[in-house]
Amino acid sequence: MKRFVLQVALLAALTTGVASAQQILINAAGATFPYPMYSKWFDEYHKKFSNLQFNYQSIGSGGGIKQVTEGTVEFGASDGPMNDKQLAEFHDKHGFGILHFPTVMGADVPVYNVAGVNSDLNFTPEALAGIFLGKITKWNDPELMKANPGVKLPAADIIVVHRSDGSGTTYIWTDYLAKVSPEWEMKVGRGTSVNWPVGLGGKGNEGVSGQVQQTPNSIGYVELIYAVQNKMKTGKVKNAAGNWVQASLAGVTAAAASSKEMPDDFRVSITNAPGKDAYPISSFTWLLIPEKIADPTKKKAIKDFLTWMLADGQNMTEPLAYARLPKAVVAKEMKAIAKVQ
Amino acid sequence: MAASSTTVSSAGPSRPAPNFLERLRGGDEAAYVITFIAAASILLVTGLLVYELFINSADARAKFGWAFLFTQTWDPVNDQFGALPFIYGTLVTSFLALLMGIPLGVGAAIFLAELAPPKISDALTFLIELLAAVPSVIYGLLGIFVLVPILRVIEPSLRAVLGWTPFFSGPFYGVSLFSAGVVLAVMIIPFIISISREVILSVPGDQREAALALGATRWETTWDVVVPYAKKGIMGSIFLALARALGETMAVTMVVGNDPKIKASLFAPGYSIAAVIANEFTEATGKLYTSALIELGLVLFALTIVINGVARLLVMGADKYKT
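Residue numbers (this note's numbering), protein chains in the order written: chain A, 1 to 341; chain B, 1 to 323.
Only chain A is shown next, with the shape it has when bound in the complex (with noise of 0.2 Å):
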């Protein structure tokens, strides 16, 4: 419903656009994950420059990165960065490269439902990657009770559930347990979608959450904000620097600048961070803007709002439940900003 809103708007503001020849539209699409955050920022930005409209489609990362490539939109957008292939296919297209722009962070949190329990838990590593391999498969394994004294779990089975849509949020929860399982590495690999070993699968963060709410003894993971937003108890997991941290905002940032250092590309992955404060299931998402932006007006207007995005903002990220980049990378990004061309 919000979004048929935002398209009446916006049909409307073109057609009256349609008589000043200042009008500029600019065309993206991608990912789902940060929608919220760029349809604010796009129109936060156009009460600032009203001739100025931002049209982003949250299509999906994979679908942004097929349409930046094939040169149907200005920019893409992305929750996990491109790979190498999908770098030198761009390149081979347009005969020029294209930049990664983090813009804010989010996380996975795992949820559950144990009969019995209504205490936080804790997940070690270990705990999650065994869970989600299907090898610990009662909830009273030691591996978990190990990690939760104290806490009297019940000697049932195990249920996994996991994202069936293929989503930016398992690209970051697949990215984590490959980090810290080698097996899972081996075995499952990490993407949008994978062949889980074991589970059920819900659609969409909702759909995970319902499941998981609905069936005893079941274990899932959804997005932070998705978790803040409907109140739900989420578990502590234990980061690389070996303490128990609840996922928070703060959390996110800390493991973004604890974070080994940022790439030039800003092609990183910032899962099982190293810094004693950091969350380890967090991840970037980016924007993805070609190199050389043909039309001068639509490439000042494009760097003018990346820059106003890593100013002003970043201040509009947490009460959308986004955390903001750490000032390192703002900083990193704001150089990187000339190489747009």
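Certain hints may be false.
[As the list claims (entries may be wrong)] Restraint-style ranges between C-beta atoms, simulated for each label pair:
| hint | chain 1 | residue 1 | chain 2 | residue 2 | range |
| --- | --- | --- | --- | --- | --- |
| 1 | A | T72 | B | A311 | 39 to 45 Å |
| 2 | B | A40 | A | E89 | 37 to 43 Å |
| 3 | A | N118 | B | I154 | 25 to 31 Å |
| 4 | B | G163 | A | T72 | 53 to 59 Å |
| 5 | B | A302 | A | N83 | 31 to 37 Å |
| 6 | B | A302 | A | S119 | 32 to 38 Å |
| 7 | A | S119 | B | R159 | 29 to 35 Å |
[Stated by the list, open to error] Think about it this way: if two alpha-carbon atoms lie no more than 27 Å apart in a straight line, the pair counts; the simulated BS3-like pairs of lysine-lysine are:
| hint | chain 1 | residue 1 | chain 2 | residue 2 |
| --- | --- | --- | --- | --- |
| 8 | A | K187 | B | K287 |
| 9 | B | K287 | A | K292 |
| 10 | B | K63 | A | K187 |
None of these hints come from the bench; they were simulated from the model.
This one's a predicted model, so the numbers in the text were calculated from it and none came from an experiment.
Even for Gly, the Cβ is constructed at its ideal location relative to N, Cα and C.
Guided by the hints, dock chain B onto chain A, whose structure is given.
Below, chain B without anything else, positioned relative to chain A:
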């Protein structure tokens, strides 16, 4: 368009006054051309659909060949794709839906058309036709929040009676092939009722009068005369219902469990072709992956044609034996 109108005029019947303009004014030619275009455009759309599915699935067809249809691994990370679990899930859920939907649907249609007082019949029919217009996502939500909890309650007794068969064994998570079959049955019943009722109502009154005159009871008239007369139309309604069940996406994906494995138990989670396409297409990266999903579309198309064909042959065969 120009080409089709010339073919038409040459093929048209020769009358004493063959002035094309006059015939056009008479309406025959124009009607022929217009309806021909309408029919041809449907064929064209179908043809284009198959062509596009075929061309865009080239990568997957080249890599996996016929094995695509018979292998069970669906692993996007390692680019291994097999369609069998999805084909199985699609067939099982649709079959379950028909198993439950046909007796209920046809039974209700007979009641509404033949036995119920007209006032009740009209009111009920109106409600049933409303049901046919409910979007499938609503059925899916009803499935998750209403049907699944009910099934959890019914499940132990079902298991007590039928648990000795492989079909009702193993753990029950709520979402399953069985749940999807029930939701689909609810969705297709309005189609069966609505069309079957119309067909039964259109059976000429003479038929009924003749049977009654021969001393048949009301039920004998209905079952032995009216229903056989309307059989073709009832079958048509079932085919339409089957097509809807095979292609249903949202409602199925919400209750089927989305797990691409083949298990004999109907309590186990499964997956259907339409559901996996809808789930994975948007985030599918990589040519082979997209191509495999498109090939699944082609498989679903072929499956629909084959099932419809077989069903029609069965009906024709049954007709032959009877007369």
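Comparing the hints with the structure gives:
no., hint, verdict
1, A:T72 / B:A311: 39 to 45 Å, "42 Å, holds"
2, B:A40 / A:E89: 37 to 43 Å, "39 Å, holds"
3, A:N118 / B:I154: 25 to 31 Å, "29 Å, holds"
4, B:G163 / A:T72: 53 to 59 Å, "55 Å, holds"
5, B:A302 / A:N83: 31 to 37 Å, "33 Å, holds"
6, B:A302 / A:S119: 32 to 38 Å, "53 Å, violated"
7, A:S119 / B:R159: 29 to 35 Å, "33 Å, holds"
8, A:K187 / B:K287, "22 Å, holds"
9, B:K287 / A:K292, "25 Å, holds"
10, B:K63 / A:K187, "22 Å, holds"
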